[in-house]
Structures are given as structure tokens and as C-alpha cells.
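Asks: Taken in order, these protein sequences are the chains called A and B.
When you line the first sequence up against our numbering, it's residues 1 to 428, in that order.
When you line the second sequence up against our numbering, it's residues 429 to 584, in that order.
Worth double-checking, as some hints may not be accurate.
Said to hold, decoys possible - If the Cβ cut is set under 8 Å, some of the chain A residues that face chain B in the computed set are: (1) Arg130; (2) Asp169; (3) Thr308; (4) Ala310; (5) Leu352.
No lab work stands behind these hints, which were simulated from the structure alone.
The beta carbon of each residue, even a glycine, is placed where N, CA and C say it ideally should be.
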Amino acid sequence: MIFIALGLLSPLLIGYCLISLLAPQIGRTLRIFLGAGIGAGLASCCLFVSLALGLPPFTLEVLALIAAIVTLARPRGATPSSNPWTTTDKLLGATFSCALIAAIASFLSTNADAPNGGWDAVAIWNFHARFLATPAWRDAFTTLLLYSHPDYPLLLPAFIARIWRLTGDRTLAAPTITAALFTFATIGALVSSLTALTTRTQGFAAGVLLVGTHYFIAHGASEYADVPVSFFVLATLVCLRLARQIPRLDILAGLTAGFAAWTKNEGWTLIVALALVCIARRELLRRLPAIAAGLAPILAIDLYFKFTLATPNEFAGGRGFPDVMAMISTPARYLTIGQGLFASIAGGNFLLPVAGVAIYWLLTASANHDRASAGMCAGLLAIIFTGYCAALLTSPYRIGWQVDTTLDRLLVQLLPASLFTAFLWRSG
Amino acid sequence: MRLQSLRVSSCFAVLAAIGTWQNLHSVDFSASDGDAVSQNERRFTAIRSALSDRLGSHHGQIGYVSDLDPAGAPGATARFRAQYSLAPFVFAPAQPYALLALDPQFSKYRHPGAIPSANPEWIVGDFSAAGIAIPEGLVMVRDFGKGVVLLRRRPK
Chain A
1 MIFIALGLLS PLLIGYCLIS LLAPQIGRTL RIFLGAGIGA GLASCCLFVS
51 LALGLPPFTL EVLALIAAIV TLARPRGATP SSNPWTTTDK LLGATFSCAL
101 IAAIASFLST NADAPNGGWD AVAIWNFHAR FLATPAWRDA FTTLLLYSHP
151 DYPLLLPAFI ARIWRLTGDR TLAAPTITAA LFTFATIGAL VSSLTALTTR
201 TQGFAAGVLL VGTHYFIAHG ASEYADVPVS FFVLATLVCL RLARQIPRLD
251 ILAGLTAGFA AWTKNEGWTL IVALALVCIA RRELLRRLPA IAAGLAPILA
301 IDLYFKFTLA TPNEFAGGRG FPDVMAMIST PARYLTIGQG LFASIAGGNF
351 LLPVAGVAIY WLLTASANHD RASAGMCAGL LAIIFTGYCA ALLTSPYRIG
401 WQVDTTLDRL LVQLLPASLF TAFLWRSG
Chain B
429 MRLQSLRVSS CFAVLAAIGT WQNLHSVDFS ASDGDAVSQN ERRFTAIRSA
479 LSDRLGSHHG QIGYVSDLDP AGAPGATARF RAQYSLAPFV FAPAQPYALL
529 ALDPQFSKYR HPGAIPSANP EWIVGDFSAA GIAIPEGLVM VRDFGKGVVL
579 LRRRPK
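With the hints as constraints, model all of the structure from the sequences given.
Replies: In C-alpha cells, the structure reads:
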């Protein structure tokens, strides 16, 4: 139990201290929630780099922890004072709290039903963690295990494996805690970032929609990597927006974009989208060096993994230009994706957040002083979504099967960031 | 302004109620025997430590045999679950390798990865309730119950 707590507290402290160092101005709550995911990403990278360099596994994390403790001891500026609570804040805060308790119960129940996680957790994430927790960690990346996607990046497996290396066993508490960390840090980051940038009412309203989306909670509890990706997409947008006032947060935006790619290959679309938006907007182009400074180290780790250990990607290999063109020019494939989207939004898993945003937009005035930031976030999400659709369109698997098994998970990756953007758009 | 706030609060209370109902609807903490993966974990616990003893290592390549067709979904699932339970031991390849959801129109996209042939000395037998049928050329070393056996390749 002590080792599990240590395995959790160390990244929380590292993440919190890093944000406090770069942006002491932002509120403590937001620092805690953003720091949780960023610390997990850093701890994961520390383990992988230590293993790759043949160092004792916790060498780099201990160094990072010492540095974090040193920065914690430094004198800090005053945190921003918060506005008084309005009646609507209190009402929505209470509503959010009730919905959150139900979400926690649902998370625990779903996880208890399948403590090893859903199919992907068993076949990929926890499976790879079982290798990374042993001296035979390189055996995970063999063509004998192609079904387990040995090309998938290692943020989650390495984070879980470091807890198992601490405990000396394969306790199921490690993946469960990891899933809980990302699920509830995403909710916390959404509420606290909107509270900081707009109003408490908007923060709680967005929070109600996220915790009320059962698919998000259940999917988080299933230990898949999509909720962690959703955290990093959201964190990137939040950091990019906050960096307009605190330029050093651009470094964190790059870092979190890198972590998205270090979590799942889909994260690369965030990096491409970020690059395209930076090129398209002069203001962002000036900020590119800071973003690249945060992104580069994580990208280097991911590329090292891809070129030295990972097997070829199923989507990348085997297809020539004529085959891709044949796929793109088949109208039935577009229709299948469109039908899948309609089913996801109108028919079930994402009806509540879509309806909630529509209702909020209808009920509130259209005044907006932050349309430029919201537009940038919407542009980023649109590019990522286009990338996802392109991947579905050119999938080597049966398109119906691919859409059925993938589309909702891709939408989960964009859900928190979409809610952030929708409520930022309506900020007055 | 006050009316607008009241409307927002009311609407979001309704939305929260719907979301809460959806979340609570799935809650079930009644005790069960565990999911299939957890049950499999228990089946393979003893053979994992036996393999470590026999191989003198906690990892390495081992064989896997089952009475289920590895090309079919039940056989592939049983194999994947056993591999999960026994990691970091790695199973030598089964033929044919099952990638069930590939589009037949694009079947040439099957992984071209060269799968090395191997004949590991130690083999895990994972049999269904129908009974244990030991393949030719193998001998049973130990029966762990519930269809799990440790087999060894018969010397030529």
C-alpha cells in the first residue's frame, strides 16, 4: 500500500511543481489536476529512458522528484484571488457534486466487473506493462505478439509498470489507480480551467456534461488509453489558451501534445494539427519555439521507441497509393462513417453533451470576448477529427467493424476538449 | 439575468439527473465469481511459477496448445488470455495467425512480419472441459487442474 501511494504521489508532486515553476499565477486546483496527468507522463518517460539507457529504473524519476521538492521550497507569488460564489454557482456546484458521486460509483462498479480492464487493456496496455515491469521488458516488442500492437506507445504501460516495480507484484490496483487518475484529472482540469478562464457556472456546467456522459466514465474505468489521450488533448488546449497571459505555458502545451503521442498513435494528429494551426496563425507562429521546446524531448523518446523497438504499424504497412485512392473514392465508406457518427451522437453515447451544449448556447447571451482562442481550439479539434476520419477511411480492416469498434473511442478522445471549446466560445 | 441563471441551473439539473441515472443504472456491486480474464488468471497462477522453476527464469519462449482452433475467435481469445496471464513468457507462434477483422478485399495487408519458427521444450496445455487431449510428441509433466497442464516435448 505504501509503495502504491509512493508510485502515485511522486508523479503528482513532480507535475504540480513543474506547473508551479512555469506558471505560479494559475490557481492551485488547476495546477493539481493538470499536474496529475503531466506528472504521470513525466514519470512514464523517466522509467522508459532509464530502461533504455540501462540505468536503475527509478534513477531519473528520483532526480526529477528531488528537483520538484527543491522548487517547492522556493518562495512563490500569491495565487489569484477567486470571485465570490453566485447563487447559480452554488446551485450548479451542488448539481455537479451529486453527478460526480454517481460517476465515481459507476467507475468503481465498472472496474470491479473487469479488474484487468477491457479488451484493449488486457491485450495491449496492461499486457505491455507486465513486460516493462520485468528485466525481460524488450520481449514485449516481438513479432510473435503482433496482435498486441507492439508499436503502440508506452505512457500507460510504463506508468503502470513503475508501480509494479515498486510493489514487486502485479497488483490490479496499479491499472485501476492509473485509470482513476486520468478519468478524474480530466474532469477536474475541465472544470477548473473553465472556472479560471470564464465563470464557475460554465466550469460546473461543462463538468456536469462530462461526468453525466456514462460512456466516458465507463471507458475510463475500462483502462483503455482513450481517456488519457483526452486528458492530454484538453491540457494542450488549456495551456495554449492560458499561454496568452503566461507565455511559459507554451512549453507545457508542447509537452502535453507530446504526451498525447506517447500515449497513443492518434496523438500524432494533435501534433500535426498544432503545427498546422501555428503555421496558419501569426500569433502562434511566434510562440512555436516555446511549444517545440516542450514537445521535442517527448517526441525524441517516442521516435527512439518507434525506430528501435516498435514493430511496423498496421495502418502504415502494406498499402500502396492506388489502394489508398481506391479506399478514398468508395462512397460507401464515407456513408458508413457518417452513419456511425449519427448513431453515436443522436442515438446514444454522446447525446447528453451535445444536447447540453446546444441548450447552454440557446439559453445564454452570445457575448464573447475570447472568440480568437475558441476559434483556435475549434480549428485544432477540426483538424484532429479530419485526421481520425481519414484513418478510418483508409483502414485495412472491414470498415463497418472499424467504425463500430473505434469511432466512439475516438470521440471520447475529443470530448473534454470539445466541451472546453464550446464553453470558451460562449464566455462573456 | 436572474431568469437566465435560473433557466441554466434548471436545465443542467435535469441533464445531471439524466447523466446520474445513466451512471447509477450500471452500478452493480453484487459479488460475482469474477470476469473471464480474472478466472483465467487464477487458472494459470500455479503453472506460471512452475514454468519459472523449470526454465530457471521468469521469461522466455514457451509453447501453447489447446483443443480450440487457433484460427477461430474462441481459440484466439483463449490463447490471448493465456498469453496475458503468463507474460512475460512469450508463446511460440500458432498457425494460422488470427487477425479476424481484416477486410478480405484488402487481405494482402496482413502483417508481413516474419514469424520465426520455434520448438520450445516446455508447452502450456489449455484445454476446455471436454477433456485433455495431449498432442503427439508431447508428454504431460503436471496437471494443474481446470484444463491447465504442463507438457514437455518428447526427445527425438
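Asks: Now tell me, hint by hint, if it's right for this structure.
Replies: Hint-by-hint comparison with the structure:
no.: 1; hint: Arg130; verdict: holds, 4 Å
no.: 2; hint: Asp169; verdict: violated, 12 Å
no.: 3; hint: Thr308; verdict: violated, 16 Å
no.: 4; hint: Ala310; verdict: violated, 12 Å
no.: 5; hint: Leu352; verdict: holds, 6 Å
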